[in-house]
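Peer 1: Use these hints to put chain B onto chain A, whose structure you have.
Protein sequence lines correspond, in order, to chains A and B.
The numbering used here puts the first sequence at residues 1 to 117.
The numbering used here puts the second sequence at residues 118 to 229.
Check before you lean on any hint, since a few could be wrong.
Heads up, simulated BS3-like pairs for lysine-lysine below, C-alpha to C-alpha not over 25 angstroms straight-line [stated by the list, open to error]:
| hint | chain 1 | residue 1 | chain 2 | residue 2 |
| --- | --- | --- | --- | --- |
| 1 | A | Lys-41 | B | Lys-154 |
| 2 | A | Lys-41 | B | Lys-139 |
| 3 | B | Lys-139 | B | Lys-188 |
| 4 | B | Lys-154 | B | Lys-228 |
| 5 | A | Lys-41 | B | Lys-228 |
| 6 | B | Lys-228 | B | Lys-159 |
| 7 | A | Lys-41 | B | Lys-159 |
| 8 | B | Lys-154 | B | Lys-139 |
| 9 | B | Lys-154 | B | Lys-175 |
| 10 | A | Lys-20 | A | Lys-66 |
| 11 | A | Lys-20 | A | Lys-64 |
| 12 | A | Lys-20 | B | Lys-159 |
| 13 | B | Lys-185 | B | Lys-175 |
Computed from the model, here is a short list of chain A residues facing chain B with C-beta under 8 angstroms [to be verified]:
| hint | residue |
| --- | --- |
| 14 | Phe-28 |
| 15 | Phe-67 |
| 16 | Gln-106 |
| 17 | Pro-110 |
| 18 | Gly-111 |
Here are a few chain B residues that face chain A, going by a calculated C-beta distance under 10 angstroms [said to hold, decoys possible]:
| hint | residue |
| --- | --- |
| 19 | Pro-151 |
| 20 | Leu-163 |
| 21 | Phe-206 |
| 22 | Ser-210 |
| 23 | Leu-217 |
| 24 | Phe-219 |
| 25 | Glu-224 |
Simulated from the structure, these hints should not be mistaken for laboratory data.
Note that the structure is a prediction, hence the values are computed from the model and not measured.
Glycine included, C-beta positions come from ideal geometry on N, C-alpha and C.
The lines below spell out each chain.
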Amino acid sequence: GAVVSQHPSWVICKSGTSVKIECRSLDFQATTMFWYRQFPKQSLMLMATSNEGSKATYEQGVEKDKFLINHASLTLSTLTVTSAHPEDSSFYICSAITGTSGVNEQFFGPGTRLTVL
Amino acid sequence: GENVEQHPSTLSVQEGDSAVIKCTYSDSASNYFPWYKQELGKRPQLIIDIRSNVGEKKDQRIAVTLNKTAKHFSLHITETQPEDSAVYFCAASVNQGGKLIFGQGTELSVKP
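Same shape as in the complex, but just chain A (with noise of 0.2 angstroms):
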């Protein structure tokens, strides 16, 4: 159980364009997801906190008109990368827990590489 998955796996764009990545909890409901961005070497920076039905929240530091995030149902998060240019260019991972309050594990996505030319 506690299975997470993301679509897709890897993805290469042009710089400009946008690109969306879909994190899905596959047999459980999700009330919060997360989204974290890991680059080569270093460790997973959390970008937002999303809960079903409400907007994000953002880490300092992380536009939110550039990542896009909507939480639309209990079993899915979007992450939309807008205008994305080279230096967007990492791995993204999306993770999501079971409950609520006293329970704290979260499972989480096999990440999404995403390359921009």
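Peer 2: Below, chain B alone, put in the same frame as chain A:
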């Protein structure tokens, strides 16, 4: 906000030796401390976690200790094996919201 510092950044040990990775956190409200193993290009895998009401937890060759007063927690791997080679991340979380703040990572290399 929370800040997590992790040391060392790289660690090389001989097979069979022990490995210790240390983390400190800044927010005294943090009460959940997981450790993840990440292989190249893969998702982080939870290997052990500890909550603030416990000082130590062990699972076979892996153990974690927590010192709340010092805001310090450590991962101990005994009898290391080559397949333990990976990048290890510590993290901290405050109960409400559940967001994790990660340490910088430790690249562990176990030499046969």
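Peer 1: Against this structure, judge whether each hint is valid.
Peer 2: Evaluated hints:
1. A hinted pair counts as satisfied when its Cα atoms are at most 25 angstroms apart, and A/Lys-41 with B/Lys-154 qualifies at roughly 14 angstroms.
2. With a C-alpha separation of about 18 angstroms, the suggested pairing of A/Lys-41 with B/Lys-139 holds against the 25 angstroms cut-off.
3. Among the hinted pairs, B/Lys-139 with B/Lys-188 is consistent with the structure: their alpha-carbon atoms are about 11 angstroms apart, no more than 25 angstroms.
4. Under the criterion of a C-alpha separation no larger than 25 angstroms, the hint pairing B/Lys-154 with B/Lys-228 is consistent with the structure, at around 17 angstroms.
5. For a cut-off of 25 angstroms, the pair hint linking A/Lys-41 to B/Lys-228 stands: about 20 angstroms separates their Cα positions.
6. For the proposed pair B/Lys-228 and B/Lys-159, the alpha carbon gap of about 22 angstroms is at most 25 angstroms, so the pair holds.
7. At roughly 13 angstroms between alpha-carbon atoms, A/Lys-41 and B/Lys-159 fall within 25 angstroms of each other, so this suggested pair holds.
8. Taken as a hint, the B/Lys-154 and B/Lys-139 pair is honoured in the structure, with Cα atoms around 14 angstroms apart against an allowance of 25 angstroms.
9. With a C-alpha separation of about 16 angstroms, the suggested pair B/Lys-154 and B/Lys-175 falls inside the 25 angstroms cut-off, and the hint holds.
10. Annotation: proposed proximity of A/Lys-20 to A/Lys-66 holds, straight-line Cα distance about 12 angstroms (limit 25 angstroms).
11. Straight-line distance between C-alpha atoms of A/Lys-20 and A/Lys-64 comes to about 14 angstroms, which keeps the hinted pair within the 25 angstroms bound.
12. Of the supplied pair hints, the one linking A/Lys-20 and B/Lys-159 holds, its CA atoms being roughly 20 angstroms apart against a limit of 25 angstroms.
13. Between B/Lys-185 and B/Lys-175 the CA atoms are separated by roughly 18 angstroms; this keeps the pair inside 25 angstroms, and the hint holds.
14. For A/Phe-28, the interface hint is violated, since its Cβ never comes within 8 angstroms of a Cβ in chain B; the closest pair sits about 14 angstroms apart.
15. Using the Cβ-Cβ criterion of 8 angstroms, the hint placing A/Phe-67 at the interface with chain B is not satisfied: the shortest such distance is roughly 16 angstroms.
16. At a threshold of 8 angstroms, the smallest CB-CB gap from A/Gln-106 to chain B is about 6 angstroms, leaving the interface hint in force.
17. For the restraint placing A/Pro-110 at the interface with chain B, the shortest Cβ-Cβ distance is roughly 5 angstroms, inside the 8 angstroms limit, so the hint holds.
18. Here the hint on A/Gly-111 is kept, as its CB sits about 6 angstroms from the closest CB of chain B, short of 8 angstroms.
19. Taken as an interface hint, B/Pro-151 checks out: its beta carbon lies about 7 angstroms from the nearest beta carbon of chain A, inside 10 angstroms.
20. The beta carbon of B/Leu-163 is positioned within 10 angstroms of a beta carbon in chain A (closest approach about 7 angstroms), and the interface hint is therefore held.
21. Below 10 angstroms, beta-carbon pairs count as interface contacts, and B/Phe-206 has one with chain A at about 6 angstroms; its hint therefore holds.
22. The beta carbon of B/Ser-210 comes within 5 angstroms of a beta carbon in chain A, closer than 10 angstroms, and the hint placing it at the interface holds.
23. Interface hint status for B/Leu-217: upheld, as the beta-carbon distance to the closest one in chain A is roughly 6 angstroms, under 10 angstroms.
24. Checking B/Phe-219 against chain A by beta carbon gives a least distance of about 5 angstroms; that is within 10 angstroms, so the hint holds.
25. Nearest Cβ of chain A to the Cβ of B/Glu-224: about 8 angstroms, under the 10 angstroms cut. The hint holds.
Hint violations for this structure: numbers 14 and 15, all remaining hints satisfied.
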